[in-house]
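Engineer: Those sequence lines, one after another, are chains A and B. Reminder that position 64 of the first sequence reads as 64 in our numbering, one-by-one numbering, no gaps. Reminder that position 66 of the second sequence reads as 1066 in our numbering, one-by-one numbering, no gaps.
Since the hints were made in silico from the structure, they are not lab data. Predicted model only: the values in this text are computed from it and were never measured. Incorrect hints may appear among the rest.
[Said to hold, decoys possible] Covered stretches of chain B, as calculated for chain A (at least 3 residues, CB under 8 angstroms):
1) 1029-1041
2) 1079-1092
3) 1108-1117
4) 1160-1172
5) 1186-1198
6) 1207-1214
7) 1236-1250
[Said to hold, decoys possible] Each computed BS3-like pair below joins lysine-lysine, with the alpha-carbon atoms no more than 30 angstroms apart:
8) B:K1168 / A:K156
9) B:K1012 / A:K124
10) B:K1184 / B:K1168
11) A:K124 / A:K23
12) A:K23 / B:K1012
13) A:K124 / B:K1036
14) B:K1168 / A:K23
15) B:K1012 / A:K212
[To be verified] Below, a sample of chain A positions facing chain B; criterion: calculated Cβ distance under 7 angstroms:
16) A25
17) V94
18) L106
19) L216
20) A218
21) T238
22) V294
Ideal Cβ placement from N, Cα and C applies to all residues, glycine included.
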Amino acid sequence: MEVKVAERRPDATLLSSGGAARKLADRVATAGLYAAAGCVILLVFAIGLALVVKSWPVLTGRPLAQVLFSSVWKPSRGEFGFYPFIMGTLWVTVLAMAMSVPVSLLTAVYLAEYAGRRVRAIAKPLLDLLAGIPSVVFGLCGWLAVVPAVTAVGEKLGQFTTGLCVLSGAIVLAVMVFPVTISVCEEVLHSVPLEAREASLAVGATHWQTVKHVLLRAVYPGITAAVILGFSRAFGETMAVLMVVGNVPQAPHSLLDPAYPLPALIANSYGEVMTIPREESALMLAALILMVVVIAFNVLARVVIRRIYVRTGGAG
Amino acid sequence: MSARRLEEAVVKLLMVAAGLIVAGSVIGVVGVMLVKGLPVFTPRMLVQASGGGSSLGQEGGILNAILGSLCLGFGGTLGAILLALPIVSALQRDYAGRTFFGRFTRLALDVLWGIPSIVYGAFGFIIMLYLGIRASLLGGIIALTLVELPIMARGMDEVARLVPVELKEASYALGSTRLEVTLKVTWRQCLPGFVTAGLLAFGRGIGDAASVLFTAGYSEYLPRSLVRPVASLPIAVYQQYLSPFPEVQQRAYASAAALLLIVLVVSILSRLSAARFSRYVVR
Chain A
1 MEVKVAERRP DATLLSSGGA ARKLADRVAT AGLYAAAGCV ILLVFAIGLA LVVKSWPVLT
61 GRPLAQVLFS SVWKPSRGEF GFYPFIMGTL WVTVLAMAMS VPVSLLTAVY LAEYAGRRVR
121 AIAKPLLDLL AGIPSVVFGL CGWLAVVPAV TAVGEKLGQF TTGLCVLSGA IVLAVMVFPV
181 TISVCEEVLH SVPLEAREAS LAVGATHWQT VKHVLLRAVY PGITAAVILG FSRAFGETMA
241 VLMVVGNVPQ APHSLLDPAY PLPALIANSY GEVMTIPREE SALMLAALIL MVVVIAFNVL
301 ARVVIRRIYV RTGGAG
Chain B
1001 MSARRLEEAV VKLLMVAAGL IVAGSVIGVV GVMLVKGLPV FTPRMLVQAS GGGSSLGQEG
1061 GILNAILGSL CLGFGGTLGA ILLALPIVSA LQRDYAGRTF FGRFTRLALD VLWGIPSIVY
1121 GAFGFIIMLY LGIRASLLGG IIALTLVELP IMARGMDEVA RLVPVELKEA SYALGSTRLE
1181 VTLKVTWRQC LPGFVTAGLL AFGRGIGDAA SVLFTAGYSE YLPRSLVRPV ASLPIAVYQQ
1241 YLSPFPEVQQ RAYASAAALL LIVLVVSILS RLSAARFSRY VVR
């Protein structure tokens, strides 16, 4: 009778039976989990390394400055100048941010400070929906609605345009980055402690004065971070821009000129890659440029956001 | 009215206007798609593949694209779940959470989250060249796994951080190992959040065009094999939009409406599932 009890003697560390097996399982699993987490770090380096290796022939063929600032793009002759594409990307992205940021900021302040519970309950799902809409759908909508509108406005101004231009691309992009900028702005506004607002309101400031002098000043770096995150999202956006921006490999000079951003270049030229080997290398360089810019911007934004949380003492 | 009251009123008006612009653009996008897409949407499209002549303006369906997208979406989501589960578990405080390694992993996830999908497409293409596979369902799944991984991992990590420490401690006090706590406390407690994160990533994956453009290719026939090119709704929308034939362009509206409907259904499902699965959560 009592033998059975004796067999189930408690282990020093693990109270029930099978201690050794469970301990082993735990050790193996721990190693596996750490390995998986390590893979994430490896993946970042693998992507970077693969792109560098693939773009090496174009990267080292000529001086880097010449590759980045030449406007001759003739793959069949082995000449790859990225200037028109870099300028195209910058025009579209900067213009999109210029349109998107003021609207996003005002909306975020409204949602964080003024809106009642009911408005917020509607706004959250709407923003989630906007964030979830696939980029081709944005592209198609832009093509159906924005492009004709831009053409009409162009005609009114006496300028002929097909509507496939920087302005159309920027409008579509501006809408696409709303969810990113609004949600980050709203988040940082919430990080300001309630006491800061109360102190300002108590001395007789209006609500807007409180927002302007206390809140926006406190979260100014956070808003910068939101803008940077939005910018990096817009920078790499491919399909939606591709469908409304015209894709003419020339640096744009006005809002109604067509542009040819880097992501569109990659997406459009992949079919030719098999026939012109060096072009593959050039496209991978385009991908590398996108990745480097986006990583730099993201890391910058994270650093800024973390600082705010540390300073305002919010949960981070 | 004093100047500062006036300023308050003006700014408030601007804010409401900005909010209406944002709301209007959401409703506008959905509205345009439904208005343009639904009239050209026929039930026959849903049961018919495009077939050989469709790109030349003949009649054809979008079943190949719908099924292709679902295969790609499920494959990519499955891959991302299998990778994200151990990563998120390792990021718990019980493991690497607060160490330098843990923080570096989180930074790496943030970096991956920011990388544009066209870059994943290019990277997937390099992997495929290296492995010697051509544009195929498998290639598309690899690319989508990479695209979805950071979205999924971030969503899951946010939930896993909210598991009460006391709950874990109770389990440790009974003699559980870290593995047992992870599997039987954290994962179970996080189930609703994990499902939501999975559905969110699925929605992103199914709508992503830039990453599958190189890697999955396009096919006018139903998906049959892992190593053959496969159609997907976003690429179908793009191909049909490029077509010079008005009939085919009209089909782009129908494809886009179908894609939007799938994304909407997935996002509604994720809300419902969060509520439904939350009964397993200890509060």
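Engineer: Please go over all the hints and tell whether each is borne out by the structure.
Structural biologist: Status of the hints after comparison with the structure:
Counting residues of the region 1029-1041 of chain B whose beta carbon lies closer than 8 angstroms to any beta carbon of chain A gives 5, which reaches the threshold of three, so the coverage claim holds. Chain A is given as covering the region 1079-1092 of chain B, and this holds because 6 residues of the stretch bring a CB closer than 8 angstroms to a CB of that chain, at least three being needed. Only residues whose beta carbon comes within less than 8 angstroms of a beta carbon in chain A count, and the region 1108-1117 of chain B has 10; three or more means the coverage holds. Interface restraint, the region 1160-1172 of chain B with chain A: violated (0 residues with C-beta to C-beta distance below 8 angstroms; minimum three).
Proximity of the region 1186-1198 of chain B to chain A, defined as three or more residues with a beta carbon under 8 angstroms from a beta carbon of that chain, is not established by the 0 residues found. Residues of the region 1207-1214 of chain B with a Cβ under 8 angstroms from some Cβ of chain A number 6, which satisfies the need for three, so the listed coverage holds. With a threshold of 8 angstroms between beta carbons, the proposed coverage of the region 1236-1250 of chain B by chain A holds, since 3 of its residues qualify and at least three are required. In summary, the hint linking K1168 of chain B to K156 of chain A is not supported, as the alpha carbons are separated by about 67 angstroms, beyond the 30 angstroms threshold.
The straight-line distance between the Cα atoms of K1012 of chain B and K124 of chain A is roughly 20 angstroms, inside the 30 angstroms bound, and the hint therefore holds. Only pairs whose Cα atoms come within 30 angstroms are accepted, and K1184 of chain B paired with K1168 of chain B is accepted, the gap being roughly 10 angstroms. Between the alpha carbons of K124 of chain A and K23 of chain A the distance comes to roughly 45 angstroms, so the proposed pair goes past 30 angstroms and is violated. Restraint check for K23 of chain A and K1012 of chain B: the C-alpha separation of about 62 angstroms exceeds 30 angstroms, so the hint is violated.
As the CA atoms of K124 of chain A and K1036 of chain B are separated by approximately 26 angstroms, the hinted pair is consistent with the 30 angstroms bound. Under the criterion of a C-alpha separation no larger than 30 angstroms, the hint pairing K1168 of chain B with K23 of chain A is consistent with the structure, at around 18 angstroms. Annotation: proposed proximity of K1012 of chain B to K212 of chain A holds, straight-line Cα distance about 12 angstroms (limit 30 angstroms). Using the Cβ-Cβ criterion of 7 angstroms, the hint placing A25 of chain A at the interface with chain B is satisfied: the shortest such distance is roughly 6 angstroms.
About 17 angstroms separates the beta-carbon of V94 of chain A from the nearest beta-carbon of chain B, more than 7 angstroms, and the hint is not met. Taking 7 angstroms as the C-beta cut-off, the interface hint given for L106 of chain A holds, the closest approach to chain B being about 4 angstroms. Interface restraint check: L216 of chain A against chain B, minimum CB-CB distance 11 angstroms, threshold 7 angstroms, status violated. With its C-beta approaching chain B no nearer than about 18 angstroms, A218 of chain A sits outside the 7 angstroms limit, and its interface hint is violated.
Hint on T238 of chain A holds. Least Cβ distance to chain B is approximately 4 angstroms, under the 7 angstroms limit. Here the hint on V294 of chain A is kept, as its CB sits about 5 angstroms from the closest CB of chain B, short of 7 angstroms.
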